[in-house]
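Asks: First residue of the sequence shown: 9, per this note's numbering; consecutive thereafter.
Treat the hints with care, as some may be off.
[Unchecked claim] Under the rule of at most 25 Å between Cα atoms (straight-line distance), these lysine to any residue pairs were calculated in the SDA-like manner:
1) Lys161 to Arg196
2) Lys231 to Asn151
3) Lys456 to Ser480
4) Lys265 to Glu239
5) Lys320 to Arg196
6) Lys404 to Asp305
7) Lys286 to Lys161
8) Lys494 to Ser413
I should point out that these hints are in silico values taken from the structure, not numbers from a laboratory.
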Amino acid sequence: MRTFFLNILFFISLTCLAQQASKSQAHYTEDWESLGKHTATPEWFRDAKFGIYFHWGVYSVPAYHNEWYPRNMHIIGEKANKHHIETYGDPTKFGYHDFIPMFKAENFDANRWAILFKKAGARFAGPVAEHHDGFSMWKSKVNPWNAAEMGPKRDIVGEMEKAIKGNGMKFITTFHHARQWNQTTGARSEQFYNDLRKNYPALLKDDKQKLLYGEMPWETFQKFWFDKLVEVIDTYNPDLMWFDTDLDRVGESMLKKYCAYYFNHTQKTGQEVSIFYKHNDLPTTVGVLDYEKGRADVLAELPWLTDASVTKSSWGFTDRVVGKDRIYSGKAMIHTLIDIVSKNGQLLLNIAPMADGTIPKEQEETLLEMGDWLGQYGEAIYSTRPFVVFGEGPTKFGKANPEGSAKDIRFTRSKDGKTLFVIFMGWPGKNVPVQIDSLKDAKIDISKIQLLGAKDPVKWQQTSQGLSVTLSADPPRLGETATVLKLSLK
Numbered sequence: 009m010r011t012f013f014l015n016i017l018f019f020i021s022l023t024c025l026a027q028q029a030s031k032s033q034a035h036y037t038e039d040w041e042s043l044g045k046h047t048a049t050p051e052w053f054r055d056a057k058f059g060i061y062f063h064w065g066v067y068s069v070p071a072y073h074n075e076w077y078p079r080n081m082h083i084i085g086e087k088a089n090k091h092h093i094e095t096y097g098d099p100t101k102f103g104y105h106d107f108i109p110m111f112k113a114e115n116f117d118a119n120r121w122a123i124l125f126k127k128a129g130a131r132f133a134g135p136v137a138e139h140h141d142g143f144s145m146w147k148s149k150v151n152p153w154n155a156a157e158m159g160p161k162r163d164i165v166g167e168m169e170k171a172i173k174g175n176g177m178k179f180i181t182t183f184h185h186a187r188q189w190n191q192t193t194g195a196r197s198e199q200f201y202n203d204l205r206k207n208y209p210a211l212l213k214d215d216k217q218k219l220l221y222g223e224m225p226w227e228t229f230q231k232f233w234f235d236k237l238v239e240v241i242d243t244y245n246p247d248l249m250w251f252d253t254d255l256d257r258v259g260e261s262m263l264k265k266y267c268a269y270y271f272n273h274t275q276k277t278g279q280e281v282s283i284f285y286k287h288n289d290l291p292t293t294v295g296v297l298d299y300e301k302g303r304a305d306v307l308a309e310l311p312w313l314t315d316a317s318v319t320k321s322s323w324g325f326t327d328r329v330v331g332k333d334r335i336y337s338g339k340a341m342i343h344t345l346i347d348i349v350s351k352n353g354q355l356l357l358n359i360a361p362m363a364d365g366t367i368p369k370e371q372e373e374t375l376l377e378m379g380d381w382l383g384q385y386g387e388a389i390y391s392t393r394p395f396v397v398f399g400e401g402p403t404k405f406g407k408a409n410p411e412g413s414a415k416d417i418r419f420t421r422s423k424d425g426k427t428l429f430v431i432f433m434g435w436p437g438k439n440v441p442v443q444i445d446s447l448k449d450a451k452i453d454i455s456k457i458q459l460l461g462a463k464d465p466v467k468w469q470q471t472s473q474g475l476s477v478t479l480s481a482d483p484p485r486l487g488e489t490a491t492v493l494k495l496s497l498k
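Input sequences plus hints: build the corresponding full structure.
Replies: Here it is in structure tokens:
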């Protein structure tokens, strides 16, 4: 008997050691087949639905036209070029790098920002870790041009990681630095510092400035791109990593190397993570497709993401996003979120803080309006899955974010399939029969219908023509923004 128990203990010890070894060893190799075994869309991400990020950096200092100021200021004849010369002088005398000491972030409070994001209903949030300009917003040993050593002299990414995770949200970092190389070929819109190299070569005489302005051999740039990502992964453990267009530009082998490094790292930390890409930059088995200021116009088979902004023009804070009429209303963004979720998507919403770290009041109001509605009707959004059709109605949602009407209807369902949510983008009216064509009796078997936010009964009849509902109540709280019916299914 003693030998039997010793054998059992020995077997258990071997099993534990094997489990520990499997966790510590690299599970992914640098090939798409291996990387495709990773779960591209973790369950928590599909449940989360809504996140917030922010374009905030050195480009927020000139605050002119858009966040591509560091590119456009070097294109002779461009608005930003003329503005820069008139306001600051010749770019060789006052360069983009001279804005860095002016980027002080004196009003920045990471915890206050994180609390606001949580109140807005976000389940994940984080910073633009590095934009096209090459200025890192974290404490970097790889890049001397970073926020901890210059400008604010604070580790912005590090402070946000602590605040966001500390407030119960997942942490996202976004990267746009694949365009920084100043010898990029291809479409003009894909080039960033090429015009600096051509028009203001004097800025490249200093070795340190060469690093900021992308003046280096291609192989050096590829390694620079990769090393920055490794540093952020190792230091801040992001749950989500998002990439702007031109991710494919860095080369397939480098992409495989990055993906393998990230996935193997998160095996050690126990995280379930996602990578976001645009166009065809990654296989669908490895990452999640992102639409910039757009969305799928049909119910998509695979989960997807879109990055939109509360601002109607520039992604970053500029003269063009000042005033309430330049910011999308909370109602418009709620309708945007509803439409996206009904089509199997998730929303990453951008805000544009001022250089000093102030989030403009109008932007904050939009976020709080969203959070107020989600606090009331979030069960129709969070942890839901799409129905067999996304909805019906006349309003077309695309790159713009219009306010819908009560004639625009969207559907979501619970993961167990027992509940269907019918969301009107407005109030359908009291004692007015409304027919929902998509819900014919052949499609679903309904046992009960409830108007969320109200106790009054809902009159309903289901036929081969559709579902007819009549609401006898007055609009529940925030029902005029969007009204939700909860259908219990047999």
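Asks: Can you list which hints this structure breaks, lowest number first?
Replies: 1 and 7
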